[in-house]
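Asker: Let chain Z serve as the given structure and place chain F on it in line with the hints.
One-letter residues, chain by chain:
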Amino acid sequence: MIEVNNLAVKTANKTLLEPLTFRIQKGESIGVLGESGAGKTMLTKALLQLLPSPLQVEGSVVVHDQDLNSSSNEQLRSIRGNVLGYIPQNVQAIFDPYRKIGVQMVEAIRAHERTTKREAKSTAIASLREVQLRDEHYNFFPFQLSGGMLQRAGIALVSSLQPELVIADEPTTALDEETKTVVLELLLRKQRDEGLSILFVSHEIDVIKKMATRILVLENGKCVERGPADQLFNDPSSSRLQSFLHYETVLQRGAMKND
Amino acid sequence: MLRILSWRLFTLVPSIILLSIVVFLALHLIPGDPAVAYLSASQLPITEEAIERVTIELGLDRPVWEQYVSWFSSALTMDFGTSYMTGEPIVEEFLFYFPATVELSVWAFLTVILFVIVLGSASAYFRKTWVDYGSRLFSIVGASLPSFWLGFLLLYVFSMTLGIFPSGNRGTFAHYVLPVLTLAIPYIAIYSRLFRTSLLEVEKLPWMFSARARGLSEKTIWIKFQLRHGVLALLPVLGIVMGYLLAGTFIVENIFSWPGVGRYMMNAIVQRDYPVIQFYILVIACMFLLINLIVDLLQAWLDPRQRHQKDGVKHV
Chain Z
1055 MIEVNNLAVK TANKTLLEPL TFRIQKGESI GVLGESGAGK TMLTKALLQL LPSPLQVEGS
1115 VVVHDQDLNS SSNEQLRSIR GNVLGYIPQN VQAIFDPYRK IGVQMVEAIR AHERTTKREA
1175 KSTAIASLRE VQLRDEHYNF FPFQLSGGML QRAGIALVSS LQPELVIADE PTTALDEETK
1235 TVVLELLLRK QRDEGLSILF VSHEIDVIKK MATRILVLEN GKCVERGPAD QLFNDPSSSR
1295 LQSFLHYETV LQRGAMKND
Chain F
442 MLRILSWRLF TLVPSIILLS IVVFLALHLI PGDPAVAYLS ASQLPITEEA IERVTIELGL
502 DRPVWEQYVS WFSSALTMDF GTSYMTGEPI VEEFLFYFPA TVELSVWAFL TVILFVIVLG
562 SASAYFRKTW VDYGSRLFSI VGASLPSFWL GFLLLYVFSM TLGIFPSGNR GTFAHYVLPV
622 LTLAIPYIAI YSRLFRTSLL EVEKLPWMFS ARARGLSEKT IWIKFQLRHG VLALLPVLGI
682 VMGYLLAGTF IVENIFSWPG VGRYMMNAIV QRDYPVIQFY ILVIACMFLL INLIVDLLQA
742 WLDPRQRHQK DGVKHV
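Line order of the protein sequences matches chains Z and F.
So the first sequence is numbered by this note's numbering: it starts at 1055 and just counts up by one.
So the second sequence is numbered by this note's numbering: it starts at 442 and just counts up by one.
Chain F on its own, in the form it takes in the complex:
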């Protein structure tokens, strides 16, 4: 386990460096002059002299690799520059908005896990019954609805018509329900079917027959054999879901006026606030790397074959 952890941490460093190069270059390849974007976001007059001045000020006249080295060395001290729009340090602004997004994503993630396991298990256990057919219908509908439409639909029904939940902002438990559901439903729809399939695949494994042949109860077989293997198969997918949830709150935060990083980013994109966009992409990409690391460790912990892989299989 320790070997896996140290190896993965070791490979994380070059991955992040490579990622930072890609992000930096990608933003330099986007059409448009960052100096113009800076003047526009700062609401300054766009003149030849101003562009020239800002180009020198931001170091845009230097070769790209020099700009990258300068940016990366500042980044190592957590200095990612200031926002064109506000002139404030990006990290400070980001940390102000980020907790709300994390909160929303984590709640959505827990909802996804709970419903994927419950719905997937129910449809596998009661396969080819109305439970299974109902879950399939939910999956088709849930996966087909675009988030913005689902959000507006939930808002219209549960907030404006029935008045059960508030329409926006952050506060009590009730404020979380609609945005969390909007984020979670498409993932529940897709992955509950996937979980059902993995559970039914486990059913076909040969040692399931032996477990029944030695007289274990169906409850034991379900919990200790089938669910365990089903969850293990689901684990890598859940890691990706968490990453997508963190990165994909734009629409939901805008619909429900959620004061998270998604709305902040939306403004940055509209204003072409390059340093903010650059920082955000890097943070999200690092989040994906970190989540993958956690998933790999969890898998190794749950799957003894992986845990013992590095030592080689012992036949003693």
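Here chain Z stands alone, though its shape is the one from the complex:
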């Protein structure tokens, strides 16, 4: 579905993301694990070809036999949202705060599909319902929703465009445990029912364990470990992953003591 070959991000004199190669199949979920500054967000922006101009992207990102690095702006525009969905970490970064959620959903649907406003509105409302939001939320402004609801509205927006792969950049970091579970279940259900592929980026190992079947571990812009999730979590070879697992164990013990 998506094939990433030697994807690297550089400035004039520094390599920020070392060449990275991986492939995501339909319905597959890949986790990208790394601490802050490891290059996770840079990877998501490079995949979408949305890095700011001083940064150079090398290698190729092939989606349905089309290399995004050599695609026109119009080709990229039609792939973004439509084939590659994106969920950001910051829920306030999803919608323009001055415009209603529904209006922005309709605008996105109509950017990819020749459809009437009424049809687009029906699609938008159906997507809102799918994430357990109510019809009236269509007419809400983003600041009228809580963080968790906004993240669900963001997922509804992505979902209404029916992408094949969702790039989720730490979508649960700012959420409480309950909302986090709801959001993760939603994504897993879409993966199971609709064959959605997911690239799940996070620094939370418990979330990655829940979401990914294969993982990439990033450290300082370099992939230090990769492989099937079960195998890596049972027998980690990189110090980064060992450290992640160690702290997870410490936290779990702490939580058990508190209980």
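It is worth saying that the hints were derived from the structure and are not from the lab.
Predicted model only: the values in this text are computed from it and were never measured.
C-beta: ideal position from N, C-alpha, C; glycine also.
Just so you know, not all the hints are guaranteed correct.
Subject to a maximum C-alpha distance of 27 Å in a straight line, what follows is the list of computed BS3-like cross-link-like pairs (lysine-lysine) [stated by the list, open to error]:
hint	chain 1	residue 1	chain 2	residue 2
1	Z	1154	Z	1068
2	Z	1154	F	569
3	Z	1175	Z	1276
4	F	660	Z	1175
5	Z	1244	Z	1264
6	Z	1068	F	665
7	Z	1264	Z	1276
8	Z	1171	F	569
9	Z	1175	F	665
10	Z	1080	Z	1276
11	Z	1154	F	645
12	Z	1080	Z	1068
13	Z	1154	F	665
14	F	660	Z	1171
15	F	569	Z	1068
16	F	645	F	660
17	Z	1064	F	645
18	F	569	Z	1064
19	F	665	F	645
20	F	660	F	569
Selected chain F positions facing chain Z (Cβ under 10 Å, derived; list incomplete) [to be verified]:
hint	residue
21	503
22	613
23	616
24	648
25	651
26	652
27	669
28	743
Answerer: The following block gives chain F in isolation, referenced to the frame of chain Z:
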């Protein structure tokens, strides 16, 4: 929205009362005897007896607060007294000149809005190209030119040398071009750069990335996201510009023989016609208050966060 409007109208009343006190006291603190000014403006002989008589006639012998109460209560019935120079009611004279000034200011204001948006957008869209550099040069030159010099320059080039536009007075569209440009150019120069900066600031906002990531076209992003937020940031500034345009037509009206309130005021200042000056300052200050009110309402209308502020943010 209604709550914002009623609250602002409510606060407008004490603001105007306070303003009238400040204006009244300020003119009483200016050195010089209003009775002498009255005699001088009326072209009457200035003698001890005449000064004494006029002082009593104008009520200047009464305590300041009494004078203020008397002036303010008359003002409530739109009676602001008569001009020392002409002996005519000030309001009537003012209303005779004011439409010409409003016309000039409104045209200048619309020109400022149009060119600020066009020039600011062009230099932000084509940033670091010759369009941007050209606009920057225009801004530096335009903001550095004093109005009186710019007016004379335009008059010399387009009226006296090329003969394209008339040199003065009010009449056809051609009569408006030079005075409007003289008034508008300094504001266009300053605020087109400001608008460019706000547009580029909007570009950095996080939801702009998300808008691109969901495949919206650059045209949609530019019009529905960037321009909208840029204009909103510009709105308070535009309110101030309108106020300054209304109050700052003195020089332009004199250069282009424009029959507006600016020229009328210039004469009043020269003749120390205190009631006229007092009335004019009050009117302009009220205009500023009113324009600010309109800007606040416009902002509330365009920014839903402000509109919903009074009700508190609902998380439903």
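Asker: Residue 660 of chain F and residue 569 of chain F: Cα distance at most 27 Å?
Answerer: With Cα atoms ~20 Å apart, residue 660 of chain F and residue 569 of chain F stay inside 27 Å; holds.
Asker: Given residue 616 of chain F was flagged as interface, is its beta-carbon under 10 Å from a beta-carbon of chain Z?
Answerer: violated, 41 Å
Asker: Taking 27 Å as the top limit, are the C-alpha atoms of residue 1175 of chain Z and residue 665 of chain F close enough?
Answerer: holds, 18 Å
Asker: May I ask you to test the interface hint for residue 743 of chain F with respect to chain Z, counting a Cβ-Cβ separation under 10 Å as satisfied?
Answerer: holds, 7 Å
Asker: Is the Cα-Cα distance between residue 645 of chain F and residue 660 of chain F 27 Å or less?
Answerer: holds, 17 Å
Asker: Against the 27 Å threshold, does the CA-CA distance of residue 1154 of chain Z and residue 1068 of chain Z hold or violate the hint?
Answerer: Violated, at roughly 42 Å.
Asker: Is the straight-line distance between the alpha-carbon of residue 665 of chain F and that of residue 645 of chain F 27 Å or less?
Answerer: holds, 15 Å
Asker: Residue 1154 of chain Z and residue 665 of chain F: Cα distance at most 27 Å?
Answerer: Answer holds: residue 1154 of chain Z to residue 665 of chain F is near 12 Å, not above 27 Å.
Asker: For a C-alpha distance cap of 27 Å, please report whether residue 1068 of chain Z and residue 665 of chain F respect it.
Answerer: violated, 37 Å
Asker: Take the C-alpha atoms of residue 1080 of chain Z and residue 1276 of chain Z, compute the straight-line distance between them, and say whether it is at most 27 Å.
Answerer: holds, 25 Å
Asker: For the pair supplied as a hint, residue 660 of chain F and residue 1171 of chain Z, confirm whether the alpha-carbon distance does not exceed 27 Å.
Answerer: Within the cut-off at roughly 19 Å; holds.
Asker: Does the alpha-carbon distance linking residue 1154 of chain Z and residue 645 of chain F stay inside the 27 Å limit?
Answerer: Given pair residue 1154 of chain Z, residue 645 of chain F holds - Cα atoms ~21 Å apart, limit 27 Å.
Hint check: violations occur at hints 1, 2, 3, 6, 8, 12, 21, 22, 23; the rest are consistent with the structure.
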